[in-house]
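Asks: Residue numbers for the sequence shown follow the UniProt record's numbering, so the first one is 1 and each next one is one higher.
No lab work stands behind these hints, which were simulated from the structure alone.
Mixed in with the good hints, there may be bad ones.
[Unchecked claim] Mimicking EDC-like on lysine to aspartate or glutamate, the simulated pairs with C-alpha atoms at most 16 Å apart in a straight line are:
id	residue 1	residue 2
1	LYS326	GLU397
2	LYS885	GLU836
3	LYS651	GLU662
4	LYS738	ASP804
5	LYS539	ASP482
6	LYS680	GLU693
7	LYS716	GLU674
8	LYS514	GLU524
9	LYS327	ASP416
10	LYS427	GLU504
11	LYS136	ASP216
12	LYS390	GLU355
13	LYS327	GLU347
14	LYS826	GLU836
15	LYS441	GLU397
16	LYS818	GLU789
17	LYS833	ASP895
18	LYS441	ASP416
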Amino acid sequence: MSRALVQAAFLPATVVGENNGVKPRMPIKPFSIGGRQAASLQCFAGLRCSYPLDMFGKSGGRDFHSTVADSILVFGGKARRGVVVAVFERFSDKAMKSVHLAQEETRRLGHSIVGTEQLLLGLIGEGTGIAAKVLKSMGIHLKDARVEVERIAGRGSGYIAGEIPFTPRAKRVLELSLEEARRLVHNYIGTEHLLLGLLREGEGVSAKVLQNLGADPSNIRTQVIRMMGEGTDEAVGAGVQGGSNGNNMPILEEFGTNLTKLAEEGKLDPVVGRQQQIERVTQILSRRTKNNPCLIGEPGVGKTAIAEGLAQLIANGDVPETIEGKKVITLDLSMLVAGTKYRGEFEGRVKKLAEEVKQNDDIILFIDEVHTLIGAGAAEGSIDAANILKPALARGELQCIGATTLDEYRKHIEKDPALERRFQPVKVPEPSVDDAIQILKGLRELYELHHKVRYTDDALIAAAELSCQYISDRFLPDKAIDLIDEAGSCVRLHHAQLPEDARELEKELRQITKEKNEASHNQEFEKAGELRDREMELKAQISAAIGQAKEKRKAESEAGDSWPTVTEVDIQHLVSLWTGILVEKVSSDESERLLKMEETLHKRVIGQDEAVKAISRAIRRARVGLRNPNRPIASFIFSGPTGVGKSELAKALATCYFGSEEAMIRLDMSEFMERHTVSKLIGPPPGYVGYTEGGQLTEAVRRRPYTLVLFDEIEKAHPDVFNMMLQILEDGRLTDSKGRTVDFKNTLLIMTSNIGSSVIEKGGHRIGFDLDYNEKDSSYNRIKSLVTEELKQYFRPEFLNRLDEMIVFRQLTKLEVKEIADIMLKEVFERLKAKEIELQVTEKFRDMVVEQGYDPSYGARPLRRAIMRLLEDSLAEKMLAGEVKEGDSAIVDVDFDGNVTVLISTGTLEADIPEKLLSLPHHA
1 MSRALVQAAF
11 LPATVVGENN
21 GVKPRMPIKP
31 FSIGGRQAAS
41 LQCFAGLRCS
51 YPLDMFGKSG
61 GRDFHSTVAD
71 SILVFGGKAR
81 RGVVVAVFER
91 FSDKAMKSVH
101 LAQEETRRLG
111 HSIVGTEQLL
121 LGLIGEGTGI
131 AAKVLKSMGI
141 HLKDARVEVE
151 RIAGRGSGYI
161 AGEIPFTPRA
171 KRVLELSLEE
181 ARRLVHNYIG
191 TEHLLLGLLR
201 EGEGVSAKVL
211 QNLGADPSNI
221 RTQVIRMMGE
231 GTDEAVGAGV
241 QGGSNGNNMP
251 ILEEFGTNLT
261 KLAEEGKLDP
271 VVGRQQQIER
281 VTQILSRRTK
291 NNPCLIGEPG
301 VGKTAIAEGL
311 AQLIANGDVP
321 ETIEGKKVIT
331 LDLSMLVAGT
341 KYRGEFEGRV
351 KKLAEEVKQN
361 DDIILFIDEV
371 HTLIGAGAAE
381 GSIDAANILK
391 PALARGELQC
401 IGATTLDEYR
411 KHIEKDPALE
421 RRFQPVKVPE
431 PSVDDAIQIL
441 KGLRELYELH
451 HKVRYTDDAL
461 IAAAELSCQY
471 ISDRFLPDKA
481 IDLIDEAGSC
491 VRLHHAQLPE
501 DARELEKELR
511 QITKEKNEAS
521 HNQEFEKAGE
531 LRDREMELKA
541 QISAAIGQAK
551 EKRKAESEAG
561 DSWPTVTEVD
571 IQHLVSLWTG
581 ILVEKVSSDE
591 SERLLKMEET
601 LHKRVIGQDE
611 AVKAISRAIR
621 RARVGLRNPN
631 RPIASFIFSG
641 PTGVGKSELA
651 KALATCYFGS
661 EEAMIRLDMS
671 EFMERHTVSK
681 LIGPPPGYVG
691 YTEGGQLTEA
701 VRRRPYTLVL
711 FDEIEKAHPD
721 VFNMMLQILE
731 DGRLTDSKGR
741 TVDFKNTLLI
751 MTSNIGSSVI
761 EKGGHRIGFD
771 LDYNEKDSSY
781 NRIKSLVTEE
791 LKQYFRPEFL
801 NRLDEMIVFR
811 QLTKLEVKEI
821 ADIMLKEVFE
831 RLKAKEIELQ
841 VTEKFRDMVV
851 EQGYDPSYGA
861 RPLRRAIMRL
871 LEDSLAEKML
881 AGEVKEGDSA
891 IVDVDFDGNV
901 TVLISTGTLE
911 ADIPEKLLSL
921 PHHA
């Protein structure tokens, strides 16, 4: 958008009359700024444009703004050298449209210059602004005004195609419109200001036109002021919330909102509770000096609601006489700062604001986010709003209620003792769950009317309790209110949806319509006609389905159940959606899955019955709600030799119950062997590199509060890590470096360790599948006690005592290794199947893999290496040589010399060597 600036060039020029067609003796030469014709301003400096003007007409390829700006370059002789004619930086779009229409009227009349009469015609022709409304209300219409202008000024010689300059009187009108805007403390110039400027000028042709049409200038001015007081949306683009009503508080009217008036009109939400805080605020406001309470509390606890509650009490007259009849006005600091780009403008506004409050001793200011006072409007060589208001705040001349959070109060206000002593802090604690339930019941009617639903008492109770338990990073009652709000929205939208059969018909209708259009485009008119008939039939069916749904809803309405109901189940579903935590009641399918969890886990983890049963029991306790809600779901330490399935069990649980392995948070504790690396878990302290990024553990749990946390190789971590974990194991919480509390109450903690491996290996020969159950159980308990004693030598008692269970993993037997081999081989089969290669192995090869991959000391990991060496290497060579390709079938066998052979077949495997085939047990 062009921002042309115009100024009178210091050139002599004379104009005879106002609109007599006489041109200036010397041509006007606008100078260029940045390659664009423009001119600088003097008394119009500081104005800005709030609306794009490119929507208006263009002249000669240039935008209208530049055209009009360059055209207002006519001067009133030597006596008025340097007088600024006009500026459009603060003109509203309606005012700019009026000026544009004035130029069009000038061309229509054939005049060569824009005078006050054309401005009047432009204001009337604009039609939607305050000026047009006032003039039309007095019977002044565009047709009559045109006739009167032609009678007084006559018609010109012809159409003017170029830029049309303005007369000195028209320039004077624009100057006066700016003065009127400043007098009314408006930071925009609208059609009402242009009309007031025309009335103040009073000597041009427009004055004669109004006089001849029977309009009284004083009456017009009164009507304009009255209509501005009723409010207008013309200045929205200029950042104004309505006009002034002519009283002595223009700043407060423009930048403030009267909460007391809103309370009288019933537009504020009811405030439940908080009597103690409101009484404390009232006591501070009744002081003689420094009567400025500052509400301090966490976000969402209801600080703003306390100010609204005070306004409601004042409106109802239920307050002490010290504040009876006062008005609570909330101040918008951002609006106060907006548009004050020149030095001194903001300070002037704030000083006027303070003067208005002093003159009206019934004003109580409410400044939300009061810490923004510090630095507001500050520029080089100027002071901010806080320092301007300090004297008035200290002397009691200005009553102010502030509201801010604990962090912002400590960060900004406490660092300025001079400002802090002027405010009396009032702590606003988070309400209890019972108080939050009462608040929700008080707000129930408003949300029912908005969403057209009904809330049950159980839904409100569930919203307060579940939000307190599962949404830990926000505060009551805000998070509970958000729950019932969104639940109402979800239920209403679901209820308003089309029936399922109607949705299917609509889907078919869209397809039929698309095919019909294609057939018509291809000139297949017979097919298009058939599709059109089908289209009409579908539309009739959809209308019938919608009609049936409406009849059903009407019947429900007549039965007294017109609105859908938000229940506890809806709240539970929404909490699960927000947090990922399963809080709904256990379904029958999930019950069966939980009861058979051991079977599911054993498909991936062979053996280790004790560990699998302990994990399954913990999950079942948590899911039915019998666990301690103030501790993690469960905390285990898995101890055993390497390669026996400790980490694999954690992965299997993450896949089985939490959705996928990615749902597991895995920390390799070998990365935390040094003392200084402990801070990586909760985040570095302030001043260190990366302190703003948070910790690896705390940030991961904050983002996914319902998960499994695996501390792999816990004994390799620095001992300071165990001290930090005491709080997690006992209270289910941890504070990060930023002071934020992270909730671990919905996490399952698993720590793996190799401590006790030597004990297990020494006693391992007594544990095997050839022992009966009692022998195996007694041997396991004996080894577990020995491992526990070894754990006590390494970990502190307070750490081990907080764990739910210490589980010892047995050594793998040869039979278990054989089952694990089946699982690993099936993984290879699946990878080859993706390459369209079918593979099977013989029993002989399988025994060879187990024989070479079995090592009691190293568990199942040697088995993976044996499969890689014996199977994958052989197949890789065959595939590279082109012997095995897509579509082939292969069997891996062992010859009489003990060498691995790969048999290739293009047919079915059963037809080639059926005696060597092995159907591996399924472990998917």
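Asks: If a hint holds in the structure, say so; if it doesn't, say that too.
Replies: Results for each hint:
| no. | hint | verdict |
| --- | --- | --- |
| 1 | LYS326 x GLU397 | holds (14 Å) |
| 2 | LYS885 x GLU836 | holds (8 Å) |
| 3 | LYS651 x GLU662 | holds (9 Å) |
| 4 | LYS738 x ASP804 | violated (30 Å) |
| 5 | LYS539 x ASP482 | violated (39 Å) |
| 6 | LYS680 x GLU693 | holds (10 Å) |
| 7 | LYS716 x GLU674 | holds (10 Å) |
| 8 | LYS514 x GLU524 | holds (14 Å) |
| 9 | LYS327 x ASP416 | violated (29 Å) |
| 10 | LYS427 x GLU504 | violated (56 Å) |
| 11 | LYS136 x ASP216 | holds (13 Å) |
| 12 | LYS390 x GLU355 | holds (13 Å) |
| 13 | LYS327 x GLU347 | violated (24 Å) |
| 14 | LYS826 x GLU836 | holds (15 Å) |
| 15 | LYS441 x GLU397 | violated (40 Å) |
| 16 | LYS818 x GLU789 | violated (32 Å) |
| 17 | LYS833 x ASP895 | violated (25 Å) |
| 18 | LYS441 x ASP416 | violated (41 Å) |
Of the numbered hints given earlier, the model fails hints 4, 5, 9, 10, 13, 15, 16, 17, 18; all others are met.
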